[in-house]
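With chain X's structure known, arrange chain P on it following the hints.
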Amino acid sequence: MAGRGGRKPRNFATFRLFPRAGAADPNDRVFVRVDHNDYNVPGFADEDSFDSNFTADAADLHSSASGPLPEHVRREILELGFPDDGYNYLFHLRELRPAADAASSFVPSSTARPEPLPLDVKAYDASRVRVAPSADDLDEGKTMCKVAAKTAPLRRVQRAVDPDVARLLDESDFSHAGSEDEGLEEDFVIMANQAEGDDEVEEEDEELGNGIFSDVEEEEEFEDEPKPRVRRLLDEQFDLLALEEYGDSDDDDDRGGRDGDYELPREAIDELKLFRDQNGCVDEDYRTPADFVRGKLESTTADEVDESANVMRKCAEYAERYLNEPAEEKEIVLVSESSDESEVWDCETIVSTYSNLDNHPGKIETPGNCRKRFPRVFPGETATTNDLIKLHGKEKLPVDYLPQRKRNGEKEKKVKPAEALNAEKVKKEAHKETKEEKKARKAAVKEEKREARKAKKELKGLYKSETQKAQKVAAVTGPSSIRLM
Amino acid sequence: MAAAALYGAGGAMKGGKLGMEGAVDMQLNRIRITLSSKNVKNLEKVCADLVKGAKAKELRVKGPVRIPTKVLHITTRKSPCGEGTNTWDRFEFRIHKRVIDLISSPEVVKQITSITIEPGVEVEVTIADV
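First to last, the protein sequences are chains X and P.
Note that the first sequence covers residues 1 to 485 in the UniProt record's numbering.
Note that the second sequence covers residues 1 to 130 in the UniProt record's numbering.
By construction, these hints were calculated from the structure, which means they are not laboratory data.
Each residue gets a CB set at the ideal place from its N, CA and C atoms; glycine is no exception.
Where hints are given, some of them may not hold.
[Said to hold, decoys possible] Facing chain P, a subset of chain X residues (Cβ under 8 Å, in silico):
1. Ala13
2. Phe15
3. Leu17
4. Gly43
5. Phe44
Pulled out of the complex, with its shape left as it was, chain X reads as follows (with noise of 0.2 Å):
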């Protein structure tokens, strides 16, 4: 090759094959050109350029550096989440294989079911039951009856989750923008304030305030409607007898029934319509009684003096009359506030709005090291008859001051003297004895060696930690052979 200026003519063409893109079946494979060269084999390959298929990206990659993408591309760079800069994103995707998407995507299971009740606890479905709405006599027994009939035993419960709750949970990121602007949720005053013109602004955040708070003030809500249900017989003789108590002889009909404490008593009323009437509003000006009996306006005449002095009298008295009526009538709102320091709700609870008595989610803790018990009685202590203490067996411990021995031994105590009366009948009576007395020994002893198999373990256990340090000295020091644990 030395010496040649250019290179050889290449007059071949080049093809491999590869897998088809996207296909699931790597088989399905097409033949693709390498190279570059300008030898051209019509009808050979099956598919353009191994560049080309890149190249008409690659070409709408180039012409957008200087311009925007073309719509199909930024509509699919939208639709998958990608912002709308315009970088081609799509560049750096690839198809996924059919069966990939079996193992990427998530199916919840079918099967699941959730767990079951726990054996202290029997649930029931009271979807159907329905209450009465005017329950004239309460038949206990009629209603049982009707209750039982609709209602059915559950056998898993699921819990409930509060759609109040949910649907806070879910939008909580976007909402909070907005919820800052409208004001505090639970701003009752400004609420009440507002009554008069926003009706609509007003329920919403009543809405939203039973929602979150539903737990804690269900019982003020509770009080302040007062009559949200249809009138009874007894609502009816209530009314009768209020009426007939504080005196009103004109017209009931009128009465729809108590709207507030702080209506003025109806005749005042009438009297101060009637000085209205009488004085008119032609000046635009606002004039009491106290003006004419007190003489501050210009044209007063002696009978719209007197009148005014009645009315004034009249509302004096009404006034007294009624003082002490509404304090009767007022009912007692009893509030129970959680004390921060006698109720400790954990996080999930209080969001999850499950009850504690049930839900216990528990706390994560390192775990702590096991102490070993030790015995508080040290049998040796009991049984020193020389200054020796003994070690036996391969681990070589005081076999006396171990906690399990004692046991042993007292078994063995029983054991023995029932041995030995069992022999001494032996002698005393027929051979027929000894398979008995043979069987007695024998379950004897195999309770023994029971028992002793149950010590060693213990023992063992109770001891894991030296041995361990044994094998440890014993790896390094003694023959590879020895094996402690």
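Coordinates of chain P only, in the frame set by chain X:
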């Protein structure tokens, strides 16, 4: 086409000569098929099939030339940490390569290669003038 029928039967039949007369008119190129794979068995199978197919079509075939296998070694420490006896793993990756030369037209070659495809075998076809 007679050639197709031949191939469907899967055997080499001398009657194919008649069909070949028509094929001679088509342009011929020198075609080099390079097969490479990690798997010898599959590779040999594909080679044999190709040669058989080409011979069935009465093409001039230069039999599979075995290029020496390339062995890629990776030698790593067995231990994930530095402790312990210094034991090493020796992994190797073998690439086998076969080359088959034919003289025929590109269409025929495409036919042949499209049928005898085994997974894991990479096929590269270079076409040049006769």
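The hints, checked one at a time:
A cut of 8 Å between beta carbons decides the hint on Ala13/X: the least distance to chain P is about 5 Å, and the hint holds. Taking 8 Å as the C-beta contact cut-off toward chain P, the hint placing Phe15/X at the interface holds, the least distance being around 5 Å. Taking 8 Å as the C-beta contact cut-off toward chain P, the hint placing Leu17/X at the interface holds, the least distance being around 4 Å. Interface hint status for Gly43/X: upheld, as the beta-carbon distance to the closest one in chain P is roughly 7 Å, under 8 Å.
Residue-level restraint check for Phe44/X holds (minimum Cβ-Cβ distance to chain P is 4 Å; threshold 8 Å).
Checked against the numbered hints above, the structure violates none of them.
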